[in-house]
Structure formats: C-alpha cells, structure tokens
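Novice: One-letter residues, chain by chain:
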Amino acid sequence: MTVPARDAILGRLRSARPTSRLPRADAAGPAKIARHSNDDCLKRFEVEARGLGVDVWVELSPADVRARVASVTMGLRVLSWDVEHLPYDVGVLMARAVAGSAPRDEQALADIGVTGCDAAIAETGSLAMITGPGRSRIVSLLPPSHLAIVRRAQLCGTMAEFFSDRGAQLAEASSCTFITGPSRTADIELTLTLGIHGPGRVAIVIGP
Amino acid sequence: MTQTFPLRVRRALDDKALAGALANVSTKLRAGRAVAFESLPDAETIRDQARKAKLDTLRDLPAELERFEGRLLANGAHVHWAETGAAANRIVIEIARAHNVRTIAKAKSMISEETHLNAALESAGLEVVETDLGEYIIQLADDRPSHIVAPIIHMSRADVGRVMHERLGTPLTDDPATLGRYARERLRRVFLDADMGITGANFGVVETGTICLVTNEGNGRMVTSLPRVHVVLMGIEKLIPTLADLDRFLKLLARSATGQKLTAYTSLITGPRRPRDECGPEVLHVVIIDNGRTALMASDNAEILGCIRCGACMNVCPVYTSIGGHAYGDTYPGPVGAVVTPGLRGLHDWSDLAGASSLCGACRDVCPVRLDIPRMLLNLRVAAAPRCAPSWLRLAMRAFGWVVGSPAMYRIANTWARLALRARSRQGWVASLPGPASAWTATRDLRAPAARTFQEQWRKRHAS
Chain L
49 MTVPARDAIL GRLRSARPTS RLPRADAAGP AKIARHSNDD CLKRFEVEAR GLGVDVWVEL
109 SPADVRARVA SVTMGLRVLS WDVEHLPYDV GVLMARAVAG SAPRDEQALA DIGVTGCDAA
169 IAETGSLAMI TGPGRSRIVS LLPPSHLAIV RRAQLCGTMA EFFSDRGAQL AEASSCTFIT
229 GPSRTADIEL TLTLGIHGPG RVAIVIGP
Chain Y
601 MTQTFPLRVR RALDDKALAG ALANVSTKLR AGRAVAFESL PDAETIRDQA RKAKLDTLRD
661 LPAELERFEG RLLANGAHVH WAETGAAANR IVIEIARAHN VRTIAKAKSM ISEETHLNAA
721 LESAGLEVVE TDLGEYIIQL ADDRPSHIVA PIIHMSRADV GRVMHERLGT PLTDDPATLG
781 RYARERLRRV FLDADMGITG ANFGVVETGT ICLVTNEGNG RMVTSLPRVH VVLMGIEKLI
841 PTLADLDRFL KLLARSATGQ KLTAYTSLIT GPRRPRDECG PEVLHVVIID NGRTALMASD
901 NAEILGCIRC GACMNVCPVY TSIGGHAYGD TYPGPVGAVV TPGLRGLHDW SDLAGASSLC
961 GACRDVCPVR LDIPRMLLNL RVAAAPRCAP SWLRLAMRAF GWVVGSPAMY RIANTWARLA
1021 LRARSRQGWV ASLPGPASAW TATRDLRAPA ARTFQEQWRK RHAS
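Chains as they are written, first to last, in my numbering: chain L, 49 to 256; chain Y, 601 to 1064.
Mixed in with the good hints there might be a few duds.
[Unchecked claim] Label pairs and their calculated CB-CB ranges:
hint : chain 1 : residue 1 : chain 2 : residue 2 : range
1    : L       : Arg200    : Y       : Ala631    : 48 to 54 Å
2    : L       : Pro52     : Y       : Asp660    : 52 to 58 Å
3    : Y       : Val1003   : L       : Pro52     : 57 to 63 Å
4    : L       : Pro256    : Y       : Gly769    : 38 to 44 Å
5    : L       : Val95     : Y       : Ala985    : 41 to 47 Å
6    : L       : Val95     : Y       : Leu959    : 38 to 44 Å
7    : L       : Gln217    : Y       : Arg610    : 54 to 60 Å
8    : Y       : Glu785    : L       : Pro256    : 23 to 29 Å
9    : L       : Pro52     : Y       : Asp965    : 48 to 54 Å
[What the hints assert, rightly or not] In the EDC-like style, the derived pairs of lysine to aspartate or glutamate whose C-alpha atoms are separated by at most 16 Å in a straight line are:
hint : chain 1 : residue 1 : chain 2 : residue 2
10   : Y       : Lys652    : L       : Glu209
11   : L       : Lys80     : L       : Glu220
12   : Y       : Lys652    : Y       : Asp972
13   : Y       : Lys861    : L       : Glu94
14   : Y       : Lys616    : Y       : Glu727
15   : L       : Lys80     : Y       : Asp972
16   : L       : Lys91     : L       : Glu107
17   : Y       : Lys861    : Y       : Asp642
18   : L       : Lys91     : L       : Asp213
19   : L       : Lys80     : Y       : Asp642
20   : L       : Lys91     : L       : Asp74
21   : Y       : Lys652    : Y       : Asp930
[Claimed, not checked] Chain L residues, not near chain Y, derived (Cβ > 10 Å throughout):
hint : residue
22   : Arg83
23   : His84
24   : Asp87
25   : Leu108
26   : Arg114
27   : Leu141
28   : Arg249
29   : Pro256
In short, the hints are calculated from the structure, not lab data. From the three backbone atoms N, C-alpha and C, an ideal C-beta is built for every residue, glycine too.
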C-alpha cells in the first residue's frame, strides 16, 4: 500500500514542474570556514555559556579538575558515562555512580549526570555530544543537573567547523545532540522557566 | 471550522485578554529576534544562502526525496509514504500495533496537528500524551494551538493554572515555575513508561539521512531517547542538502523563532540505536507526508514550501497581532497560514484568508528565507476574484482608467471630488457618504480635503 503512495507523490511532484512557480535565488558561495585560536575559543565559550546561565570553571591541572568535580558532586547521587570516557581520570571519583546501562528507574533517581563531550562550540556556548557505547544520551538528560568535563583541546570555534571536521563521525552515530544551556520553556505568558524536562542546571569544567 | 472568518475575527477582536497576550508576543518576540540577529554579522548572506538551498532543493525535490529515502534505509530506518493526513495516521497506528505499543509520548509537531493525529490514535485505543508544555496544556484543555512556536499564547497564566487544577487536580496557582514543575513531575513518568515516541522534523538532511529536531524543554530528546519505537512525521518539503546548510538554517531558525542563538537542544538523529548503545529507539520509522503539498508545488505559490516554521511573520503581522491564531481557522496561522491553508485545503473555503493582510510586507522583511508572502497573497486574491467582473464594474473601471490616464481629466475630477467632499464636511470631517462610499463612513469619519491641493500650494510658494 505504501509503495503506490510513494510513486504517486513523486509522480505528482514531477508533473508539477511545468506549472510550479519557484523563484530563482542567488547567493554567495559558502565562505571559507574561519578557524580561531584556542584562547579565543575559550574566551568566547565562557562568555556565551555564562550568558545562558551555565557555571563555567577553567582549571589548570587534572588534579584541579578532579577537585572541582568532587566538590560539585559531593553528597549527590551521580549518574555517569562509563569511566573510561571521562577525561582527567575523573572516573576515579565515580566508584559509586550509576552507569548508563543501569535500569531506567535507577537512573531516574540521580541528582546529577556527569559526562565528557565531543566538542565545546564557542560561538553558541554549546556542548556537542555524539552518542556511543558507554556515552549514554540519558546521562545529560534525566537528572536535574548536568556536569560536563571538557578538555581545552575540544574547544571548537563554530558549528560549521564541527560539521566540517566531525560530520562523518556524526553520521555514523545514532544521535548527536547540541546542548546549549539548561532546559527552558517560555510557553506560559513568555515567562522563562528553567529545568522543565531536561536539567535546570548545567555546569562545565574546562581542564588543561 | 464552525464560523465564518469575519465572525471568528469579530470574536477575537472582542477578546480583551487576547489583545494583551498578543501585544506581549509582538513586543517580546520581535525584540528578541532583533537582538539575536545583531550577533550574526553576515546574516544577510546566510539568509540568501539558506533561501537558495531551500528553493534549489524544492526544484529538484523528487530526486532529493529519493536520495534522502536511500540514506534513511542505509541508516537502518523504515520509510513510509502517505498521500493524505488520514493515510499518515493509519500508518502510525499500524506501526503502533506491530510493536505492541500502548502508550505514546509525543513531541510538538505541526504536521500532526494538520493530520489530527491524536484523535486518530485515541480512537484506535492508544494513549498519547503531548509532552511540550504548551501542547500538554492544549491537550488537557481540549484546545488548539494559536501560534506555531508559542502554542498557548492565547491563555493567561491563570487559565493554565485552572486547566491543570481541573484536569490533574494540582493545587490552584498561577506561578509559571510551579505550573512547570507540576508538568515535569507528571510527564517524567510518561517519558519513562512510553512504548513509542512521535516527533516531527525541523529538517531532513539529504547528505546523511539525518533528522534534525530542535526543542528547548528537552522533551524532544526524551521522546527520541527513551521509548523503544520512534516515529518521525515529516512533510515532503523539509529537506535541506547538507550539514553545512543545516548550520545556516539553525542559525536563522532559533534567532527568528525565539531570539536565541541556538535552541537549548538540537538533536541530530541518524537511524535507530546502534547495537552497543545503552539507549535510543530500537526501531526508527519515518513517515513522509504529502497532504496537499504536491498541489501547492504545482501552483503559483510553490515558494511557500520553503517555510521553516519559525513564526517570525506572525509576530510582526499587524493582522495576526490583532486577531491571534485561532481566527485563521486551521493549523497554520498568520501570514504563512494565509498562504499555506488555501494551498493545502483548497482556495474555495479559505479565500478569505488572503484578504487578511494589509500587504505591508513586514512578513517578507523578517522571513529568514525571504519568502515573498505578499506576492503569494496577491496571487490568491487574483485566483479568488470572480473570473468575469459584472458589466457595470467593467464600465466603471474603464471610465476610471480614462480619467486617471489623462492629467487634465484627473485634475478636473480631483477638483470636483474635493469640492463635493468639502461641501459635505463639518468642522473638517465628513461623517457620512452616499452609495458604496458609505462602507467607509459607517465605521469612521473621513477627513475633509484641504482647501488647496499640495501642488497648488507648491506652485504658489515657488511663485512668491
């Protein structure tokens, strides 16, 4: 039944051509993708992410990163990416964390999700997360808070740059999510409310 | 549609609360858009490039759809085609039955409003819950969205509190944060328990066979990550060529819709979960829907298929911001709706909408892909006009053409009209006019013309 529908739709589109009045459009060709220095990316990322209400810490050593993560997660039930996917040996702090493979209801009880990321995009203050084994998408979604650990080398100037460099990898994975600040809604009288379904609090630790 | 368009407009204009809500939309969302575009220095170039990408893809749509289908299949998705909304709904019900689905979590999708999907699912015995906060309230209130980005903009916070109190038994409040928390608590269970998730698609990327979905709340991510089945409904016009194009469209969409640089969550979905992934749907079904779009493609108004549903045209439209979304009578309100609705549903019942515009062009100016909506509204007015005007009108038009075609005649006619109007006026205003001109004076006075025309004053000033 669906095959005839397909042919009917494509057939109608082809026979629409003579009467279809689609204007011609002209545009400049795509600009060369601008690359930015790592320092510029860091500065821009901090400004953009903080503008969205994200806590950003820049730490100078792996030990400082671990100390920061320990203080942020202290006393909280943690849901975490598999430890080998967390940079700076942060995994050593995750001994009692719930993993992405645990039962859903157990994951849903977590207070904070701890992840790495695939890139941190400076122009919008976004985290790019490509799904893969041990890197469950739920970790950055179900808990009321999300803590991401970013290596400085993962900073990337623009989304255009990310697509250009990582497009092939992205298309191999089932999903890629750009997280830009906390979950938000303004459906009721255009009044901003944070944390409606996803995390209401996002924190990012950038290491060396 | 139970009332005629003029009656729906009258009812909207009499609604004082609606007027306040619409003023809120037009000021906040317009200002947000303006500020957001300041952060995009090459916005004009990006708009040109996006427009070209969209129109070029539409021009070659059959081949692009086949390529997209090929990529989807290669990614492990199932592809369905539906000629009508009813056919699309049947396909979704069949998928649900084939996977033993009982409960469905749904993200916001305009095309599902078009096909009246929820009613079809419910009559097939399936439980479906809208999970976008605004759409959830709409579902609880058994109402319809009135704006494509802000669906409950016609409701006050007190209205929302009352609906949730009556339908869910939550304590009565009008605090948006508290109401949001009530919704979060209830919908959390829905996300975790749902067997199937349904979403629309903001874009389909041909190059990779990727579905792009943008949400701010995170419900789109929940619905595409937790249930074991994911169904995507998309119109045939949603395709864009590459990820590089997607970057440009995302820059424009968020800025135009909500004044953000990027929505909180932008999800790119390329097939179902991979074997070793911990989450994501086991199966992904994509339903590609016509529902009137091929007819639009064959018409003078094919350009409207380039619309990316940002809603910016609504926020600037003097008509939409006066009458709101419900008055337009169908899924898509505002300037875009006035073109899309007659295109999808037929001009016969919907020709009134083309008149609901002052043709000021604000919609064209803000449209991220520069759709020439005023031109398309004029096309509809021409198509809706009687094929053959009555003979008295043709005679009158010929006479009018003869008079205004000659400067001397025009001057004479102008002088007569001016003298006649001045003779009828009192204290500078004409309160009533005879014949067809009474249509003007029935609702407002006409200012009397000046004693001397501008040209006469100009000549006099230059002579002295």
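Novice: Any hints this thing doesn't respect? Which numbers, in order?
Specialist: Checked against the structure, the hints that fail are numbers 1, 2, 4, 5, 8, 9, 10, 11, 14, 15, 18, 20 and 21, while the rest are satisfied.
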